[in-house]
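Participant: Chains as they are written, first to last, in this note's numbering: chain A, 1 to 359; chain B, 1001 to 1295; chain C, 2001 to 2403; chain D, 3001 to 3246.
Worth flagging that the hints you see were computed from the coordinates, not collected in a lab. The beta-carbon is built from N, C-alpha and C at its ideal position, and this holds for glycine as well. Hints may be right or wrong, so weigh each one.
Listed next, with one range per pair, are the computed distances between beta-carbon atoms [unchecked claim]:
| # | chain 1 | residue 1 | chain 2 | residue 2 | range |
| --- | --- | --- | --- | --- | --- |
| 1 | C | Asp2311 | B | Asn1241 | 48 to 54 Å |
| 2 | B | Leu1262 | C | Gln2347 | 53 to 59 Å |
| 3 | C | Pro2396 | B | Ile1079 | 34 to 40 Å |
| 4 | A | Phe323 | B | Asn1241 | 48 to 54 Å |
| 5 | C | Pro2356 | A | Leu120 | 56 to 62 Å |
| 6 | B | Asn1010 | C | Glu2167 | 35 to 41 Å |
| 7 | A | Phe323 | B | Glu1292 | 54 to 60 Å |
| 8 | A | Thr8 | D | Lys3193 | 45 to 51 Å |
| 9 | B | Gly1238 | D | Asp3022 | 30 to 36 Å |
| 10 | C | Ala2391 | B | Ile1004 | 38 to 44 Å |
| 11 | B | Ile1004 | C | Gly2126 | 56 to 62 Å |
| 12 | D | Asp3022 | A | Asp218 | 23 to 29 Å |
| 13 | C | Gln2347 | B | Ile1004 | 31 to 37 Å |
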Amino acid sequence: MKDKKEFTAIIAIIIAGIFLPSLMPVYRVQLSELWIFMVFASTWNIQGGKMGYNTFGNILFFGLGMYICASIQISYAFDLAEWTAAGGVKTFVHTVKQYFIGLPLGLLLAGIIPALIAGLLGSLILGLRGHYFAIGTLGIGIAAGEFATSVSIWGGGQGMTVPVWPKVDGQDLEILGGGMNFFYYLSFVLFIITFFVLRWLFSTRFGLILTAIRDNEDKAEAMGVPTMRYKVSGWVVSAFFMGIAGGIYGNINGYIEPTEVAFAGATFGVYMVLMTILGGKGTLWGPIIGALIFQVFKEFFWTFFLGWQLVALGFLIVVIVTFFPEGIMGWLRKNKPEWFGEVIDHKARLAQVKINTDD
Amino acid sequence: MILIQAPFLNLQALLDGLMVGSIFALVAYGMALVWGVMNIINVAQGEYVILGGYITFAVYKLGIHPIYGMPFSFLFLFILGYILYRIIVFRVVDKDMFISILATFGISIMIQQFMNMIFGSQVETALTGFGTIFLFDHNITLALVKVFSFVVSIIGAIAVIYFMKISKLGRAIRATAQNARAARILGVDTEKVYAYTYAINAGLCGLAGSLVAMTYTLHPYIGLPYTVRSFMIVIIAGLGNIPGVLASGLGLGALEEFSAYLIGQEFRIGFIFSLLVIILVYRSKKLAKKREYLK
Amino acid sequence: MKKIIVTFISALALLFSYSTLSFAKVVGDKIVLGAAVSLTGKYATNGEHTQRGYDLGAKIINEAGGVKVGGKTYQLEIQYYDDESNAAKAAALAQRLIEQDGVEYMLGPYGSGLTIAIAPVTEKFGVPMVEANGASRALFTKGYKYLFAVLNSADQYLNSAVDLMAEKKKNATVAMAFEQDAFSLDVKLGVMDRVKANGMKVVIDDALPKELNDMTATLQKVKALKPDLLIVSGHSKGAMTGVKQITDLKVDVPMIAMTHCDAAAINKNLGGGGDYVLCAAQWHKSLAYKDSFFGSGKDYAKLFESIYKYDPPYQAAESSAALLVYKEAFERANSFDKDKVRDALAQTDMQTFYGPIKFNAAGQNTSKPMVLFQVQDGKNNVVAPVKWAEAKLIYPIPKWSDR
Amino acid sequence: MTNILEVKNVSKFFGGVRANEDISLSIKQGSIVALIGPNGSGKTTLFNSIVGTHPIDTGSIKFEDKELSKMLVHEIPPLGLLRTFQQTKIYGQMSCMMNMKISKKVSNNYFKMFDTLPKELDDEAELILSFVGLYEKRNLRAGELSFGQQKLLELAMALMNEPKMLMLDEPTAGINPTLINGIIDRLIKINEKYNITLFVIEHNMRVVMNLAEHIFCMAHGKMLADGKPEEIKNDKRVIDAYLGAH
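Bound-form chain A, shown alone:
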């Protein structure tokens, strides 16, 4: 894609990201969700799009991140078990200091631990190919949720609450306009970082090899590429950002529940795939556009199709995957290849191969 256009797009997004909450404060939740979704899609795209490994398991890292972050935030100040045990008869309140040391700590570990787990699991799971990989990861995602239901330190099926935004003498602390704004900007920043990291990653040899793996893994191996190393590294990157996204989302939602909030394979786990496909697999911008459109549709359904929203969603899914399997960017690439730096001159197509032996 032409640099100038990309540049304008980036600027547009950054400006939007900074000013939207003040333009429409009442939509901050959906907006933060939008940025989170963009992170979902962009990171899923590393496997599903670039590498051709369709995973349903990335939700695992999201959920882990969510639980880890919350646990750290709490246990930095209090006893976690006491906190989760039936809500605890006494009420816990974080001081400003406790809160703002616990949170970054939590977010950091929420990124690192899932990344490590991805590294360990990766070498096992990424040995699977095609739909076996899809099913295997699906298994991991759901199993994680089911087992989290019985981790009592996390409140098991009860779920657990997340520390509330600290109060200074009764009033919500005013940083960046209170908790909601704070986490909005947090998710926004996370997205921006993710975006630039991926943008750089895809421009390096790494990104190209991922595409090579998608196109023909055997060939890559035969050319001496240690593909497993690339695949695992890719998953680690996804896990890292998904984990942090989870940590943030947990704080936005205020309440964590194993199978519906954290390891929500049936909702988020599927959304991230749809968003990417809708926008266009394997492109940097596809997932972002996909997420944007998807989120708008989703909110739209909730508002106007009360009780029918899932039917509408199901219908949307079917339409997307049957009619636009290559997504918006795919469509563009077909019709506007020059935007993707692909010179299509028919001279080249028709040109005969000639080898002049006299040189």
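Since the structure of chain A is provided, determine the placement of chains B, C and D on it from the hints.
Facilitator: Relative to chain A, chains B, C and D alone:
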């Protein structure tokens, strides 16, 4: 450990397991069929089952004995399957399998919602009034309805196998499964074969569903476990291995029943999925030694 | 690339266009209450009971002249969203009702799990929420200021059943099967207290999965260990599956206690299989409570049945009661300021067809006892507390061989 | 001259089928060697065994005195031994240039993964593409090329990787006959200019005879004969088993 305190429970668990397993096996047939022939993983499997159950339940509500619901369930789902194929599924047959997974997922949540609207989300069940049989002076208890469903699913299974062997359509399906292009060249109308394969799958699910309605309880959102298990069964058995499907279906049922005693029922799904992953990884590792991978 | 920017802009435009939809807490002569209930998903049955309860409450109050505030009468209107029985959605929708739709008075969702998910939100925005279906004890230990529950907390549901057992038999043995969710786990807490207090012995303690449709394993254990009391709690699924399979397997237990029997209508749907089961209920139509809107419980039941064609489960009754609480509070506060309303709610002390309602500091209705009824040939007859008992407890449950 | 590749008593069974049975051969540094034999005689299996696509049952394979038979597929090319495929394998969605550039050999250092491709790669890639005659097509998606052109691209990609020895599986199959002389010339140049040892499976005897200085002939999974082209041409067994078929 309860299984040791009451040794008869082992036999009991085994029998219960086999009976549950037989229903799973029936559902798994359909999946194996569709997977093998059309290279599609049908995620809507579970919803077809539940829908089939509701058809039987509707019949039961009319005051007719639920066993007469079975043919209705089968036919209704058969037709539905055929229609769905003609509208949606045929678009994803030749596409990447992942696409088909998503498409059928879309179908499944739509069906869930429609069931919720039509039948309500009340937990329902159809009573057969079949009695209970006791063996070994009341140490073993079997609900006759389970025995009944066991028998039906076994018969259903055998029927499928024979259908595949004998009937013209069955042979066409097998041919297509082996090599669609060759079949086409030999004048098999693969489109038709696909459509009927998918319809038969749905029909089988319907039949299984009507057994579920009589044996267990129905709820619009309880479909997933059936889909999951049929995955498992087919993967363990391997594609195009119909007798294997029966075996692994029964095996899984028993295994699951024991896991319910040993590690607790709340882990059933978690257990199944972990098992799925472990099996996949194990098999891929074994192949990796031969420098190959699961295809 | 242009296309992308265009999409982006147009998307924003769409997002903006929502804000025109949102409307304020009081429009013209309408007071808007917000509620996210489960119209779909695993709680949809009870979500529906809840919604119907709310609707009926609003209907009756409006027909009786609505709510009088500052000499002007207002109609109650409820804005619903569907939380799909999903905690994440519930929380998001609460945010949405309050922020986008400007709702300032919330009604609770169905179920403890979802109420737990919503409570932090209403608390954050200081919006009062009168909830009728969140029984988990966890709700009342967090020091929430804006949460008011008209129902008894879950840890009281089956206590009286355990006590009954204790009366009948010294150091009896107990088998338990609880779903792994906020509500059932709390029921368990209460039960465990009583079990300890009465020096009973727990022989089976099973956890049921969320996608529950088979509990053969538990029941087979019960057959093997022959406990005196079997307790099952897993919403309607649990009650239905439990009774169905107890019937199929002819499990003989002297006493069986469950929750959600009436929501699952086990007395009708299971051809006598549900007989003799003890059921915990927040309310029962036979109770002699009265108020000026619905009259007695029986009248409420009649009215409900005439509209929705089935006997009202307590989930509906308590939901209707929530509306009465709001009306009364509005009129005492005589203002729409949400904090004034909140204080008025805190002082609530009223009689309804559903029972007396008076909140303690934690916002919990303590003045109303739970009731326990037993299914006796297809009818739900209250057997405890003795004060309300219509019929004698049948104990032990006759063996299947004699039924 | 030293032997660059030493294959000793290699056997490979697929179930009951003997794909390779007790194969031994050695290839001199810098030579061009051909491997001929009827279809299904186990030529490609031997190639696969050498580059580790499937493990061998018995025997040993040494490349520059390093034992290959226990190595994984991706560990072998860095040693300088590369193969092309009978059914072409290329990265269909990427442009030919990209195909070339990512074929460049890199050190095994982990962080090399995250290098951006240096500019000068373009010149090198273009040079090699024009060497095999694909220059005009460098910006097309590799998937759009014809089978023969993909063969050439694969050859080019292999050269990009700067191997010491190159194993070509039917390099002229599917290639426009008018080009064959060109290919032969190129292969010889590759051998001389870049001093790359060539090991070629080929059915086209004209190519073989013009190219190879030593020929191995396989039949039914066994090594039938080997020797100078002239000897092979007149070898009775070879004529019966293979050439006779012409």
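Participant: Each hint needs a verdict: does it hold in this structure or not?
Facilitator: Here's how the hints hold up against the structure:
Checked against the hint of 48 to 54 Å, the C-beta distance between C:Asp2311 and B:Asn1241 comes to roughly 52 Å, which is consistent with it. Range check, B:Leu1262 to C:Gln2347: Cβ separation about 54 Å, and the 53 to 59 Å hint holds. The supplied range of 34 to 40 Å is broken by C:Pro2396 and B:Ile1079, whose beta-carbon atoms lie about 51 Å from each other. As the Cβ distance of A:Phe323 to B:Asn1241 is approximately 35 Å, the hint placing it in 48 to 54 Å is violated.
A C-beta distance of roughly 58 Å is found between C:Pro2356 and A:Leu120, which places it inside the suggested range of 56 to 62 Å. Separation of B:Asn1010 from C:Glu2167 is about 37 Å and conforms to the stated range, judged on CB atoms against 35 to 41 Å. Between A:Phe323 and B:Glu1292 the Cβ separation comes to about 36 Å, which falls outside the hinted range of 54 to 60 Å. For the pair A:Thr8 and D:Lys3193, the supplied restraint of 45 to 51 Å holds, since their beta-carbon distance comes to about 48 Å.
The supplied range of 30 to 36 Å is met by B:Gly1238 and D:Asp3022, whose beta-carbon atoms lie about 34 Å from each other. Our hint of 38 to 44 Å for C:Ala2391 and B:Ile1004 holds, since their Cβ atoms are close to 43 Å apart. Separated by about 58 Å at the C-beta atoms, B:Ile1004 and C:Gly2126 satisfy the suggested range of 56 to 62 Å. Against the hinted window of 23 to 29 Å, the Cβ-Cβ separation of D:Asp3022 and A:Asp218 comes to about 28 Å, which satisfies the hint.
For C:Gln2347 paired with B:Ile1004, a C-beta distance near 60 Å fails the hint of 31 to 37 Å.
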